[in-house]
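**Q** Sequence:
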Amino acid sequence: MRVKSPWLSDRAPEILTSAAKVTERAQTLHQVGKSIHIGHELLESPQTAAAKAGEPSPEPVVAGHH
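Going by our numbering, 25 is the number at position 41 of the sequence shown; the sequence numbering is gapless.
Hints in this document: simulated from the structure, not taken from any laboratory. One or more hints might be untrue.
Using C-beta positions, here's what the derived DEER-type ranges look like [to be verified]:
(1) Leu0 <-> Ala35: 29 to 39 Å
(2) Trp(-9) <-> Ile22: 42 to 52 Å
(3) Arg(-5) <-> Gly17: 29 to 39 Å
(4) Pro(-3) <-> Lys18: 51 to 61 Å
(5) His21 <-> Pro(-10): 41 to 51 Å
(6) Ala35 <-> Pro(-3): 47 to 57 Å
(7) Trp(-9) <-> Val16: 35 to 45 Å
(8) Gln11 <-> Pro(-10): 44 to 54 Å
(9) Lys(-12) <-> Gly17: 57 to 67 Å
(10) Ala10 <-> Ser(-11): 26 to 36 Å
(11) Pro(-3) <-> Leu26: 37 to 47 Å
(12) Lys(-12) <-> Leu26: 51 to 61 Å
(13) Arg(-5) <-> Leu26: 39 to 49 Å
We treat Cβ as the ideally placed atom computed from N, Cα and C, and that holds for glycine.
Please take these sequences and the hints and turn them into a complete structure.
**A** Structure follows, in structure tokens:
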């Protein structure tokens, strides 16, 4: 059996709005975190990234040689 709380009923819109704001903020922070992580990966050399992934290191790229 449910007991309806007038206080909760009155506050429901406010609570839902707050929850939506928190969720939105968390998603924004998550996106920023992912962007920072991707940025760090881009700063790594291919050799470092391969070593972390446990793959054979690619040969260094020398400009002008194909």
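**Q** For each hint, tell me whether it holds in the structure or not.
**A** Outcome of the hint check:
1. Leu0 <-> Ala35: 29 to 39 Å: violated, 48 Å
2. Trp(-9) <-> Ile22: 42 to 52 Å: holds, 45 Å
3. Arg(-5) <-> Gly17: 29 to 39 Å: With Cβ atoms ~32 Å apart, the hint holds.
4. Pro(-3) <-> Lys18: 51 to 61 Å: Violated - the Cβ-Cβ distance for Pro(-3) and Lys18, about 32 Å, lies outside 51 to 61 Å.
5. His21 <-> Pro(-10): 41 to 51 Å: holds, 47 Å
6. Ala35 <-> Pro(-3): 47 to 57 Å: holds, 53 Å
7. Trp(-9) <-> Val16: 35 to 45 Å: holds, 36 Å
8. Gln11 <-> Pro(-10): 44 to 54 Å: violated, 33 Å
9. Lys(-12) <-> Gly17: 57 to 67 Å: Since Lys(-12) and Gly17 have Cβ atoms about 40 Å apart, the given range 57 to 67 Å is violated.
10. Ala10 <-> Ser(-11): 26 to 36 Å: holds, 27 Å
11. Pro(-3) <-> Leu26: 37 to 47 Å: holds, 43 Å
12. Lys(-12) <-> Leu26: 51 to 61 Å: holds, 54 Å
13. Arg(-5) <-> Leu26: 39 to 49 Å: holds, 46 Å
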